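As they're listed, the protein sequences go chains A and B.
Numbering follows my numbering, with no gaps: position 43 of the first sequence is 43.
Numbering follows my numbering, with no gaps: position 324 of the second sequence is 324.
Everything labelled a hint here was simulated from the structure, so no lab data went into it.
No experiment lies behind these values; they were computed from the predicted model shown.
The beta-carbon is built from N, C-alpha and C at its ideal position, and this holds for glycine as well.
Just so you know, not all the hints are guaranteed correct.
[Claimed, not checked] Partial list, derived from the structure: chain A residues whose beta carbon lies under 7 Å from chain B:
#, residue
1, F32
2, A34
3, V37
4, G39
5, A41
6, G100
7, P124
8, I125
9, G128
10, N152
11, I153
12, E158
13, K167
14, I271
[As the list claims (entries may be wrong)] BS3-like, lysine-lysine: derived pairs with alpha carbons at most 27 Å apart:
#, chain 1, residue 1, chain 2, residue 2
15, B, K110, A, K137
16, B, K202, A, K136
17, B, K110, A, K59
18, A, K167, B, K110
19, A, K136, B, K289
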Amino acid sequence: MSATTLPLAARQNALRHMLEIRIAEDKIQEMFMANLVRGTAHLCIGQEACSTGTAAALKPGDTVTCTYRGHGHALAMGMSLRSLMSEMLGKADGCCKGKGGSMHMTDASIGLLGANAIVGAQLPIAVGAALTAQIKKTGAIAVTLFGDGASNIGAFHESLNFAAIMKLPVLFICENNVYGEYSVWSKTTPIENVADRACSYNIPGVIADGQDAEAVYGAVKAAADRARAGEGPSLIELKTYRYKGHSRNDTGPYRPKGELDRWMKRDPIVILKERMISDKQLDQAEFEELQHAAEVAVVEAIDHAKAAPYPSIAELATDIWVD
Amino acid sequence: MPELTYREAVTKALADELRSDPDVIFFGEDVADAGGAFKVTPGLVEEFGPVRVRDTPISEQAILGAALGAAVTGLRPVAELMFADFIPVAMDQIVNQIAKYRYMSGGRLKAPLTVRSAQGGGAGFGTQHSQCAESWLASFPGVKCVSPSTPAEMYGLLRGAIRDDNPVFVLEHKLLYNLKGEVADNAGPIPLGKARIAREGKHVTIVALQVMLHRSLEAAATLAAEGIDAEVIDLRSVQPLDRDTVLASIQKTGRLVVVEESPAGAGWGGDIVSLAADEGIYHLDAPVKRINMGGMLTAYSPPLEDAVIPSAARIADAVRDVMRGYRRV
Numbered sequence: 001m002s003a004t005t006l007p008l009a010a011r012q013n014a015l016r017h018m019l020e021i022r023i024a025e026d027k028i029q030e031m032f033m034a035n036l037v038r039g040t041a042h043l044c045i046g047q048e049a050c051s052t053g054t055a056a057a058l059k060p061g062d063t064v065t066c067t068y069r070g071h072g073h074a075l076a077m078g079m080s081l082r083s084l085m086s087e088m089l090g091k092a093d094g095c096c097k098g099k100g101g102s103m104h105m106t107d108a109s110i111g112l113l114g115a116n117a118i119v120g121a122q123l124p125i126a127v128g129a130a131l132t133a134q135i136k137k138t139g140a141i142a143v144t145l146f147g148d149g150a151s152n153i154g155a156f157h158e159s160l161n162f163a164a165i166m167k168l169p170v171l172f173i174c175e176n177n178v179y180g181e182y183s184v185w186s187k188t189t190p191i192e193n194v195a196d197r198a199c200s201y202n203i204p205g206v207i208a209d210g211q212d213a214e215a216v217y218g219a220v221k222a223a224a225d226r227a228r229a230g231e232g233p234s235l236i237e238l239k240t241y242r243y244k245g246h247s248r249n250d251t252g253p254y255r256p257k258g259e260l261d262r263w264m265k266r267d268p269i270v271i272l273k274e275r276m277i278s279d280k281q282l283d284q285a286e287f288e289e290l291q292h293a294a295e296v297a298v299v300e301a302i303d304h305a306k307a308a309p310y311p312s313i314a315e316l317a318t319d320i321w322v323d
Numbered sequence: 001m002p003e004l005t006y007r008e009a010v011t012k013a014l015a016d017e018l019r020s021d022p023d024v025i026f027f028g029e030d031v032a033d034a035g036g037a038f039k040v041t042p043g044l045v046e047e048f049g050p051v052r053v054r055d056t057p058i059s060e061q062a063i064l065g066a067a068l069g070a071a072v073t074g075l076r077p078v079a080e081l082m083f084a085d086f087i088p089v090a091m092d093q094i095v096n097q098i099a100k101y102r103y104m105s106g107g108r109l110k111a112p113l114t115v116r117s118a119q120g121g122g123a124g125f126g127t128q129h130s131q132c133a134e135s136w137l138a139s140f141p142g143v144k145c146v147s148p149s150t151p152a153e154m155y156g157l158l159r160g161a162i163r164d165d166n167p168v169f170v171l172e173h174k175l176l177y178n179l180k181g182e183v184a185d186n187a188g189p190i191p192l193g194k195a196r197i198a199r200e201g202k203h204v205t206i207v208a209l210q211v212m213l214h215r216s217l218e219a220a221a222t223l224a225a226e227g228i229d230a231e232v233i234d235l236r237s238v239q240p241l242d243r244d245t246v247l248a249s250i251q252k253t254g255r256l257v258v259v260e261e262s263p264a265g266a267g268w269g270g271d272i273v274s275l276a277a278d279e280g281i282y283h284l285d286a287p288v289k290r291i292n293m294g295g296m297l298t299a300y301s302p303p304l305e306d307a308v309i310p311s312a313a314r315i316a317d318a319v320r321d322v323m324r325g326y327r328r329v
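Can you build the whole structure from these sequences, using the hints too?
If you want it as structure tokens, here you go:
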């Protein structure tokens, strides 16, 4: 399948974001391993094309709900590295004032209605955002991203059926990264493709190369156009792979030998970089500059977050109710 | 003043809010074309159209998730869950999503949604269609919960819930749908979280909701003939809890009986007792009594169902007990 081509500025933006996401995730892993931050983190290294390709197809006013593997989506949608890193460290100037953490990156000002720590729970919420778009005729779409594992959760079925019968402008985007936590897709699910499930709801089911940001963009853009035209939801399956384990302490021992290497040969950053080089839009030196700039930005954001103050204890009692 | 049934008060409150605010929408299973399983919402789709008043699939998680998503993006959805017993089907959307969405966003999102649901026993629906939901919903912050007892309360509290910027559950008791009562022509929304003195008295405080409130009033009438003057508090809301009204009443009467239509475990009645023990202890002249379904479930067989749900006679007995003095030996 040939990828839809993005304009130069959008390609540069996607490449820059993929580099920032990759480096940010690496540094987050380091901070966790050094016990600088608590809890857990779910890294999206290897899946950067899914977030950047999707973000490239969105317009202002569109909304996104996603999974706890959501740092990439937040950054691709325009969350600042400072806001993300401060949230990661539980600091007062994080995107959720330190009340969300790694699994709950949220920023309504960029359309990110929340990363969710309950598998599949974000799908019905996107259905509601699409209901608002339909009723208020805003022209916006709602996007919800989830993993292959979530397609086995009841909320998946309820959401697709509900959205399909009401022709709501919502895109259900599955990042099929082969593993639901520690279990391989084929062990938990008797079909090959998540997209095949679309036929139950009489909506399009599309498969795209999740390692290629432009292929992701093309699939999401087509479904978005359809949704904006009032033709209802689509299910998009992005075939992708997470290089790291499910969460902080998982090294992925369940993966067959050689599988990770095979996927890394189709690295999303390398794919876009080489395409831009072959289109004479980039050279190696410029790429290295971009990489360096991303690293500097990530390190600056982490330094900022480390120095930022924690929320005051009084914050415990705020933001629960609207007074 | 015009007289409405409790059922009509729901319909009127919904219609008045749909009429006054274009951001209010209403959806649920069989609420539009069929007018609701309890015939509570007839005529709404005809007046407000199928965009704002919608039937949904039987999908409780999607209904509540959609209400949340619509609320955080600018609508004021009212969702119906046909029976309160179906609330647990969508408990993730309530406990982990609706209640926490504002908090997790650092206060940057709000979810002004209302969920209506029919609850309660005494109608022979069996054990999966007869439960009261207050105690499930009061065990975590972030969701308000009101339980109207009369047509006037129903009308005002439902409108108050829809106008509240927080998520609110409005629990409607099935046995009360045909109850008639006056609702003033100029009645407006009732702000949430304030209890109501349903009967003033000076010897003992009874705290109850809905059918238990009516049975408490019945018990109070019986007790009055025996010279016992009971004050009956219609708690109206278990989240937030009107601590001041309860404490002031205990201070006046020195005695407390709490009546719940639910099993004992982790019930809201325990919160009232705990409040009395903690902040009201020096006002108390007798041990408090909490009556409910104990460790039992609602049964189908009529005599069993009648026996498990507190009756006016049981409430009166509990009051006589606490009136007997400081301690029974």
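For each hint, the structure was consulted:
At about 20 Å, the closest approach between the beta carbon of F32/A and any beta carbon in chain B exceeds 7 Å, and the interface hint on this residue is violated. At its closest, the beta carbon of A34/A sits 26 Å from a beta carbon of chain B; the interface hint therefore is violated under the 7 Å criterion. At a threshold of 7 Å, the smallest CB-CB gap from V37/A to chain B is about 17 Å, leaving the interface hint violated. Checking G39/A against chain B: minimum C-beta separation of about 14 Å lies over 7 Å; hint violated.
Evaluation of the A41/A hint against chain B yields a violated restraint, the C-beta minimum of about 16 Å exceeding 7 Å. The interface hint given for G100/A holds, since its Cβ lies 5 Å from the closest Cβ of chain B, which is under the 7 Å cut-off. For P124/A, the interface hint holds, the least distance from its beta-carbon to any beta-carbon of chain B being 2 Å, beneath 7 Å. Hint on I125/A holds. Least Cβ distance to chain B is approximately 4 Å, under the 7 Å limit.
At a threshold of 7 Å, the smallest CB-CB gap from G128/A to chain B is about 2 Å, leaving the interface hint in force. Hint status for N152/A relative to chain B: violated, with the closest Cβ pair at about 14 Å, above 7 Å. Taking 7 Å as the C-beta cut-off, the interface hint given for I153/A is violated, the closest approach to chain B being about 9 Å. Hint on E158/A holds. Least Cβ distance to chain B is approximately 4 Å, under the 7 Å limit.
Annotation: K167/A was flagged as interfacial toward chain B, and the flag is violated, the nearest CB pair being 12 Å apart, outside 7 Å. Given hint, I271/A at the interface with chain B, is violated; its Cβ is 34 Å from that chain's nearest Cβ, farther than 7 Å. Of the pairs offered as hints, the one joining K110/B and K137/A holds, with about 21 Å between alpha carbons and a cut-off of 27 Å not exceeded. For the hint linking K202/B to K136/A, the alpha-carbon distance of about 54 Å lies beyond 27 Å, and the restraint is violated.
As the CA atoms of K110/B and K59/A are separated by approximately 23 Å, the hinted pair is consistent with the 27 Å bound. At roughly 26 Å between alpha-carbon atoms, K167/A and K110/B fall within 27 Å of each other, so this suggested pair holds. Restraint check for K136/A and K289/B: not satisfied, since their Cα atoms lie roughly 52 Å apart, outside the 27 Å limit.
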